[in-house]
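Chains as they are written, first to last, in this note's numbering: chain Y, 1 to 112; chain S, 113 to 223.
Don't read these hints as lab results, they were simulated from the structure.
Don't take every hint at face value.
Said to hold, decoys possible - Heads up, simulated EDC-like pairs for lysine to aspartate or glutamate below, C-alpha to C-alpha not over 20 Å straight-line:
| id | chain 1 | residue 1 | chain 2 | residue 2 |
| --- | --- | --- | --- | --- |
| 1 | S | K149 | Y | E96 |
| 2 | S | K171 | S | E128 |
| 3 | S | K162 | Y | E96 |
| 4 | S | K162 | Y | E100 |
As the structure is a prediction and not an experimental result, all values here were calculated from the model.
This is what each chain is made of:
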Amino acid sequence: KAGVTQTPRYLIKTRGQQVTLSCSPISGHRSVSWYQQTPGQGLQFLFEYFSETQRNKGNFPGRFSGRQFSNSRSEMNVSTLELGDSALYLCASSLEGLAEAFFGQGTRLTVV
Amino acid sequence: QQPVQSPQAVILREGEDAVINCSSSKALYSVHWYRQKHGEAPVFLMILLKGGEQKGHEKISASFNEKKQQSSLYLTASQLSYSGTYFCGTGGSSGNTPLVFGKGTRLSVIA
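Could you build all of it, start to finish, from the sequences and the hints given here?
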């Protein structure tokens with residue numbers, strides 16, 4: 001079966017702009033989580049969506065938002081980009097919270 | 113709250129063993145272990161649920177100590193393919209709690 005697909009793979013944006021990242025989970029998976037990965041910080045939890053509802057949110061500013069559609073696809077939006085937002089953004093899908101999570105290849109965002 | 117992993121990095125020669133620890137200041141209900149190779153997505157290794165169960169995956173196994181709020185990943189007779197960054201993720205008592213990952217342990221296996 002198809003894995004988790006994230007688009008685009010790479011992005012370069014200017015400070016102050018906004019960006020939208022997309023994640024298509026594995027068919028049948030209703031839980032989608034987003035993580036920010038930077039060197040030395042590991043995987044920082046952003047938020048989790050389940051059946052179109054945000055179920056959990058990490059400690060990130062309100063500039064980071066997301067949503068999930070009825071087909072479980074999810075988008076993440078970052079407004080007013082800052083240099084510190086440069087990172088690899090990973091999404092992971094699972095059947096539910098305690099199940100194995102499958103990660104996408106990530107979107108590498110560079111803010112200049 | 114982010115679990116704490118130790119060591120931060122380790123270098124092994126092929127055939128040597130290693131232990132990676134994951135500690136939490138909160139009660140643990142589930143621990144997930146993942147491995148990420150350079151430039152790739154994290155890949156699932158195993159889940160341990162509350163109950164002190166030990167699991168194995170090839171020559172990689174893990175334990176879960178509820179009282180110590182700690183999990184350990186054991187890699188025996190390491191192979192070059194074991195190189196990567198290992199992450200532990202801690203979950204809550206139900207599927208409603210998201211996985212919170214540690215900062216990772218970078219493992220390098222050399223010939």
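Here's how the hints hold up against the structure:
1. S:K149 x Y:E96: Violated - the C-alpha atoms of E96 (chain Y) and K149 (chain S) are around 25 Å apart, more than 20 Å.
2. S:K171 x S:E128: Status holds; Cα separation ~12 Å.
3. S:K162 x Y:E96: 17 Å, holds
4. S:K162 x Y:E100: 16 Å, holds
Hint 1 alone, counting from the list given before, is not met by this structure.
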